[in-house]
Amino acid sequence: FTLFIFNVTFALILALTTTAVPERMGAVFRAIWLLPRMSPSIVYALLWLWVIDSTERGLFNQVIMAFGLEPMNLQLDHPMTVIVVANGLIGASLGMIIFTSAIRSIPEHLFHAARADGAGSLSIIRHVILPALRWPISYITIYQSLALLVSFEYIFLIMGPSRSTMTMAMLSYTKTLAPGIGGGLYAYGAAIALILIVIGIVVALVMWRLTNMKNLLQRPRIEVR
1 FTLFIFNVTF ALILALTTTA VPERMGAVFR AIWLLPRMSP SIVYALLWLW VIDSTERGLF
61 NQVIMAFGLE PMNLQLDHPM TVIVVANGLI GASLGMIIFT SAIRSIPEHL FHAARADGAG
121 SLSIIRHVIL PALRWPISYI TIYQSLALLV SFEYIFLIMG PSRSTMTMAM LSYTKTLAPG
181 IGGGLYAYGA AIALILIVIG IVVALVMWRL TNMKNLLQRP RIEVR
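Just so we're aligned, residue 1 is where the sequence shown starts under this note's numbering, counting upward by one.
Hints are computed from structural coordinates only; laboratory data are not their basis.
Computed from a predicted structure; not experimentally measured.
Hints are not guaranteed to be accurate.
DEER-style ranges, computed between Cβ atoms [as the list claims (entries may be wrong)]: (1) D117 with L76: 14 to 22 Å; (2) A187 with M25: 25 to 33 Å; (3) S54 with R115: 20 to 28 Å; (4) S101 with I195: 32 to 40 Å; (5) R134 with A204: 16 to 24 Å; (6) A116 with N73: 41 to 49 Å.
Note that CB positions come from ideal geometry on N, CA and C, so glycine has one too.
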């Protein structure tokens, strides 16, 4: 869900939007969106802890209380939703940058030709932009699949070792290093990590085959000197 909704689809929407507006405005928006990724992880985690604070000081609760609703404890009631959104929003920034670069590399005459043929914005996206983004979309899909498979950092910083947001990477950590909650089982934790590596290799090979990356990365048939 996070992969296709945020890391691919939402990142593509951001890239299309920021390349459609004036260049300086788009650059400013991308820079702001990249701030969490360029900042220390704890800063992004603290921002989310403020957003989902269960008291009246939390940003989310302030918004819903303005509409007459009762405060919510998102950490307890919707922990997985919080993690999906938190991981997805920061994950979309990488795709946004790569897709933006790919869109800007498309020759301008293709857009002019499409408009001359009467193509609208949606038609240009479908028949000009998306075919040119096949390789970047495939790369982001594979990379983010593996990144989400070993997701740990933001889950731990925002939710801690909670069972409701337990991943294999988090389970390996708790069984190995977490004091007071089952830590010290080094062989158990190492076995989980090894299984995770095997799963990662299998996922990478499957995604490589599904996205036809071999053909996308083959040497060009025409050599330009």
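Taking the hints in turn, this is what the structure says about them:
Evaluation of the 14 to 22 Å hint for D117 and L76 yields a failure: the beta carbon distance comes to about 55 Å. Taking the beta carbon of each, A187 and M25 are about 55 Å apart, not inside 25 to 33 Å as hinted. A hinted range of 20 to 28 Å is violated for the C-beta pair S54 and R115, which are about 52 Å apart. Between S101 and I195 the beta carbons are some 36 Å apart, a value that agrees with the proposed interval 32 to 40 Å.
The supplied range of 16 to 24 Å is met by R134 and A204, whose beta-carbon atoms lie about 18 Å from each other. For the pair A116 and N73, the beta carbons lie near 57 Å from each other, so the given range of 41 to 49 Å is not met.
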